[in-house]
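Student: Can you build the whole structure from these sequences, using the hints too?
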Amino acid sequence: MTPSPARSRPGALLIAAGLLAITFALGACSEDIGDKVAERVAEEQLGDGAEVDVDAGSGKVRIDDGDGGSYVGGTGLPEDFPDEVPLVEGEVLNGAAVKDGGSVVWTVTVQVAGADQEAFDAAVQKLEGAGFDLATEIQSGLYGGQLDNGKWSVVLAVYGDATAGTAVVGYTVGDSSR
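Numbering (our numbering), first residue to last: -19 to 158.
Calculated from the structure, these hints are not laboratory results.
The structure presented is a predicted model; accordingly, all values stated were derived computationally and were not measured.
Please note that a few of the clues may not be correct.
No more than 16 Å apart at the CA atoms, straight line, and that leaves these computed lysine to aspartate or glutamate pairs for EDC-like [claimed, not checked]:
| # | residue 1 | residue 2 |
| --- | --- | --- |
| 1 | K131 | D113 |
| 2 | K106 | D80 |
| 3 | K131 | E117 |
| 4 | K106 | E64 |
| 5 | K131 | D155 |
| 6 | K106 | D60 |
| 7 | K79 | E98 |
| 8 | K106 | D141 |
For each label pair, taking beta carbons as the anchor points, the in silico distance ranges come out as [as the list claims (entries may be wrong)]:
| # | residue 1 | residue 2 | range |
| --- | --- | --- | --- |
| 9 | G130 | T55 | 17 to 23 Å |
| 10 | G121 | G81 | 20 to 26 Å |
| 11 | V85 | D113 | 26 to 32 Å |
| 12 | D101 | E71 | 34 to 40 Å |
Even for Gly, the Cβ is constructed at its ideal location relative to N, Cα and C.
Tutor: Written as structure tokens, this is what we have:
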């Protein structure tokens, strides 16, 4: 069986997830209708065998592309997020897991009080305390870096909002061996 063109394109799961975000916004006035529209749009984008479940009320989305790839996202920490990766103290705004075959990449954003430099330093300190080594650091209008502990690779990106006195710490976590 030849895969549909939508599924053979790189990033089809991420495209479908982006469409879902737009559909969430459009469907806010009627969650049930918005959920159904979002599911249909994503399933059409992914092609045959795709299954999509959307629950705008809880902010959760699950996509299975029918070929072993999946996307699970919501307004909290993904259920299978690695315990060995500590997060800064704050409010988890969203989290997602993208699975493709045997590999998984998680993304999590956490809002914290304070400036971006402070938030970056706190995230690095917490990861280093858990055995991660800072391999790369970026401080060019954006605080970021890559840390590794031999099992997990973590990419940090920190965005600050000086007027609100908050920062958002973005984590992208994957298997170090891949």
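Student: Run every hint past the structure and note whether it holds.
Tutor: Here is how each hint holds up against the structure:
{"no.": "1", "hint": "K131 - D113", "in the structure": "holds (12 Å)"}
{"no.": "2", "hint": "K106 - D80", "in the structure": "violated (29 Å)"}
{"no.": "3", "hint": "K131 - E117", "in the structure": "violated (19 Å)"}
{"no.": "4", "hint": "K106 - E64", "in the structure": "holds (11 Å)"}
{"no.": "5", "hint": "K131 - D155", "in the structure": "holds (6 Å)"}
{"no.": "6", "hint": "K106 - D60", "in the structure": "violated (20 Å)"}
{"no.": "7", "hint": "K79 - E98", "in the structure": "violated (32 Å)"}
{"no.": "8", "hint": "K106 - D141", "in the structure": "violated (22 Å)"}
{"no.": "9", "hint": "G130 - T55: 17 to 23 Å", "in the structure": "violated (31 Å)"}
{"no.": "10", "hint": "G121 - G81: 20 to 26 Å", "in the structure": "violated (36 Å)"}
{"no.": "11", "hint": "V85 - D113: 26 to 32 Å", "in the structure": "violated (20 Å)"}
{"no.": "12", "hint": "D101 - E71: 34 to 40 Å", "in the structure": "violated (19 Å)"}
When the structure is compared with the earlier hints, violations turn up for hints 2, 3, 6, 7, 8, 9, 10, 11 and 12 and for no others.
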